[in-house]
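Could you put the whole structure together from the sequences, leaning on the hints where they help?
Protein sequences, first through last, are from chains A and B.
Here the numbering used here is used: the first residue of the first sequence is 31, the next is one more, and so on.
Here the numbering used here is used: the first residue of the second sequence is 31, the next is one more, and so on.
Worth flagging that the hints you see were computed from the coordinates, not collected in a lab.
Predicted, not measured: the structure shown is a model, and the values here were computed from it.
Careful: at least some of the hints might be erroneous.
One copy or two, either will do: identical chains are not told apart, so a pair holds if it fits within one copy or between any two.
Capping the alpha-carbon separation at 27 Å, the derived lysine-lysine pairs in DSS-like fashion look like this [as the list claims (entries may be wrong)]:
no.: 1; residue 1: K437; residue 2: K482
no.: 2; residue 1: K153; residue 2: K482
no.: 3; residue 1: K153; residue 2: K191
no.: 4; residue 1: K303; residue 2: K153
no.: 5; residue 1: K357; residue 2: K303
no.: 6; residue 1: K191; residue 2: K303
no.: 7; residue 1: K482; residue 2: K303
no.: 8; residue 1: K303; residue 2: K437
no.: 9; residue 1: K357; residue 2: K437
no.: 10; residue 1: K357; residue 2: K191
2 protein chains.
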Amino acid sequence: LAGLQTEEPNHVSLLLAAPETRFEADTEHLLRRHWGDTRNEAVARPQGPLKGNTSPICGAKASEVLGFKYRSWQSSQPVGSGHQQRRSFSSVSTVSSFRCGDVTLSNGRILEDAELVYEVHGKPNETNSNLVLHPTSFGATHDDLGYRIGPGSEYTLDTDKYCVVVVNMLANGVSSSPYRGYGECYKRISGLSHWPYPSIYDNVLLQARLLEDVFGLSVIGSSDGHTGSSPLALVFGYSMGAMQAYQFAALYPNAVQRLAVVCGAARTSPYNKVFLKSLMTALKTDAHWLEEEERFTGHPMRGLKAFGTIYAGWGLSEEFYRNEEFKQHGSFESLNHFLDDYVDGFTDLDPHNLLAMLATWYGFELALPSEGCYGWPALGAVTSDTLLMPCSSDRYFPVTDSEQELKHLTSARSARLRPIPSTWGHRAGDPHRQGQEAQATFIRNKVHALLKDEDLRDHLGGHLVK
Amino acid sequence: LAGLQTEEPNHVSLLLAAPETRFEADTEHLLRRHWGDTRNEAVARPQGPLKGNTSPICGAKASEVLGFKYRSWQSSQPVGSGHQQRRSFSSVSTVSSFRCGDVTLSNGRILEDAELVYEVHGKPNETNSNLVLHPTSFGATHDDLGYRIGPGSEYTLDTDKYCVVVVNMLANGVSSSPYRGYGECYKRISGLSHWPYPSIYDNVLLQARLLEDVFGLSVIGSSDGHTGSSPLALVFGYSMGAMQAYQFAALYPNAVQRLAVVCGAARTSPYNKVFLKSLMTALKTDAHWLEEEERFTGHPMRGLKAFGTIYAGWGLSEEFYRNEEFKQHGSFESLNHFLDDYVDGFTDLDPHNLLAMLATWYGFELALPSEGCYGWPALGAVTSDTLLMPCSSDRYFPVTDSEQELKHLTSARSARLRPIPSTWGHRAGDPHRQGQEAQATFIRNKVHALLKDEDLRDHLGGHLVK
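Here it is in structure tokens:
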């Protein structure tokens with residue numbers, strides 16, 4: 031924050047600078063939380079082109095103008111790193127790093143010096159019965175997920191009641207990744223051939239270790255039915271986060287009380303793979319891609335623009351575009367304006383991380399390797415109270431797939447399918463943008479009902495065991 | 031055709047070589063037509079990897095092995111060129127060129143030495159009342175459209191009854207195009223900045239001149255209601271061909287008796303534009319694209335592969351992929367095999383022509399410039415008996431849009447919406463592949479009913495004027 035003297039003696043203009051995030055940084059909301067609702071009127075809202083997906087000031091510009099330096103995840107020594115006994119958290123969120131050493135992945139390759147960076151919101155209670163696990167989605171970091179989490183019932187994940195652990199997915203640029211760092215600091219590897227390609231399953235194994243080592247939870251031991259501690263109150267995930275949530279609940283059924291799958295699936299479907307193939311192929315079309323060394327020799331701006339343009343055709347529904355809803359929300363005057371903004375959301379991302387995450391996504395299928403059980407049949411292992419929330423117009427995680435999954439959730443204490451009624455397609459499950467209020471409310475209410483053990487019976491002929 | 035002596039004295043092995051086409055050349059069918067159905071058993075069907083979208087022998091290979099030289103559209107002097115009086119056609123198909131001189135387009139630019147290449151199947155009758163106009167679709171040439179046309183009621187367009195005029199769309203590589211020719215002969219322009227970008231409307235103006243000059247039809251004069259000759263029995267188009275058909279019927283209502291719109295629309299919708307943008311952006315991502323000169327400096331194989339991969343996600347439906355229908359049709363063992371084949375359908379095409387055709391597509395909106403009337407309202411000018419046949423699962427020409435169009439066809443003598451029930455998405459309207467028999471039959475029967483003035487009343491509350 032920088033204070034500037036203005037002409038009016040009783041007024042001080044403030045500039046807020048935040049590190050770049052992929053999505054809109056909810057600046058206005060942060061200001062309100064900082065000063066309280068009493069000063070609502072004093073908060074200037076971003077106008078015009080600043081609406082939508084951009085922060086009022088990007089990190090790079092703030093660095094240049096204000097001389098700010100951002101914390102680098104690579105060079106810092108975050109509090110709470112490594113294998114250690116349970117520690118205490120304040121109610122304010124804390125970002126920490128969990129170092130796992132060299133890890134042998136399920137494909138046999140080694141992820142050296144594996145590290146999960148995670149953020150903890152709120153405080154665990156005495157019995158750990160209020161813990162919520164929330165893995166990140168494609169291209170998102172813990173920062174991007176904060177909008178759902180906070181004190182009070184207006185948040186989907188209420189930190190007055192729950193302690194929310196947001197874990198960065200491997201390859202997202204914050205946890206171990208091909209190219210890693212915030213701001214200017216990167217750890218370079220010499221090509222994606224050196225990246226060992228962890229799976230969703232590998233992510234979940236490390237998350238279990240984190241919960242055991244840091245929070246003292248009994249997760250891994252729980253798989254044989256004996257656990258001394260409370261299960262997680264909820265595992266909540268959106269998109270690739272939902273894949274991790276599904277995998278966690280199937281692998282550690284006794285460690286998961288409730289499961290919320292938002293715009294996700296138990297496997298990457300053939301149609302979804304066609305989408306991912308088009309993204310990968312377009313990105314690698316860039317002249318900077320060096321096929322022999324599996325790396326980019328420079329920032330592939332053209333490839334990333336193609337990437338973002340393709341995404342725009344899949345991330346939202348036909349109806350959204352037909353109704354020109356982009357004109358209703360934010361300040362987009364035209365389709366081109368909207369698409370330019372959409373594409374801008376991708377052009378700063380590291381292309382190696384994108385390819386690595388896409389590979390994890392492409393290869394996903396729910397896995398119980400010790401039982402030789404994969405895909406939909408592995409859903410039979412889930413015992414949690416389960417809530418499936420695809421979006422009614424999601425193109426690559428269609429409701430049809432969730433309906434199939436519901437049929438395979440034969441051991442779930444309860445399971446229900448509650449499609450988000452929306453034209454926002456896959457984006458409906460990530461409702462942090464202007465115009466997504468109805469979707470945010472819908473998801474929040476369904477998750478609150480899940481947490482209160484309400485709304486158990488499914489309207490599609492689902493089952494209720496307990 | 032090349033005859034090879036084999037071990038068996040009573041057998042001769044034959045190789046059929048055909049010029050490259052984008053789609054499967056229906057070799058087996060051509061052989062049967064040549065020898066008649068009595069020799070069915072003798073026709074060897076292509077096996078294994080030759081099934082699907084490939085010709086048994088591609089033109090390039092045939093050139094190399096057999097020493098064949100293909101006719102070049104550029105260097106040849108086709109019969110029937112230029113502004114001339116009506117001439118007679120044999121019942122066998124004839125390909126001709128119609129030279130229009132320098133043409134001022136509706137955007138004010140000049141298309142120099144404009145030329146439409148067209149194929150005529152069958153013979154016009156005395157009063158020209160049996161003429162059918164059939165414009166080509168994106169990436170297709172007259173060769174690709176032949177499968178619907180032939181003698182007998184098994185064909186959608188029966189040349190025993192009708193004289194079918196297939197007109198190549200500008201920029202398709204056969205009519206005037208940025209890069210033009212068959213086989214090795216190309217007329218190079220020095221970049222797309224020199225291409226004047228004709229619209230669908232411009233195409234239709236030239237088609238009208240062709241029908242007047244070559245067939246003696248009264249088309250342009252018909253717009254004020256006075257015409258001395260019969261109207262076209264039918265204008266039939268698929269996809270971009272359907273756009274041209276719509277435009278023709280709206281601009282020259284008195285010259286069109288019937289209109290069949292297959293997987294098309296009266297405007298390019300915002301969602302459709304997102305698809306086209308992703309294709310254009312991905313193609314231009316290739317290192318061979320020289321932005322300043324708006325041209326490719328070499329064949330953009332990477333860009334074309336990205337192009338084809340993106341197309342695969344739009345051209346067929348989610349359900350098609352979910353059901354893995356690619357395994358049911360042709361010989362595709364896996365998703366990757368299917369996608370590779372899909373992509374191969376694009377890698378030989380000229381990228382400049384693709385960009386030029388995409389621009390025509392992107393900019394389309396039904397136009398009646400003299401009345402200042404554009405888009406859906408211009409549908410009010412159509413008086414033909416009209417048949418709209420979107421595919422039930424088409425992603426970018428959805429049934430919803432056809433429903434809107436139906437409401438605007440207020441002056442049509444009759445109008446009905448008959449969605450093709452299929453999981454094949456946009457491809458359903460171009461049913462020349464293995465496994466598309468049901469779609470081909472559906473379209474044929476509906477078009478035959480249209481030509482017999484049957485099935486007039488629409489089930490969605492459409493209207494019947496006559």
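Consistency of the hints with the structure:
1. K437 to K482: within (24 Å within a copy, 49 Å between copies)
2. K153 to K482: Result: close within a single copy only, 19 Å intra versus 76 Å inter.
3. K153 to K191: So K153 and K191 pass the 27 Å test inside one copy only (9 Å; across, 82 Å).
4. K303 to K153: neither (39 Å within a copy, 49 Å between copies)
5. K357 to K303: Result: close only across copies, 16 Å inter versus 31 Å intra.
6. K191 to K303: neither (39 Å within a copy, 46 Å between copies)
7. K482 to K303: Result: close neither inside a copy nor across copies, 36 Å intra and 45 Å inter.
8. K303 to K437: within (23 Å within a copy, 38 Å between copies)
9. K357 to K437: between (39 Å within a copy, 25 Å between copies)
10. K357 to K191: So K357 and K191 fail the 27 Å test inside a copy (38 Å) and across (51 Å) alike.
In this structure, the earlier hints numbered 4, 6, 7, 10 are contradicted, and the remaining ones agree with it.
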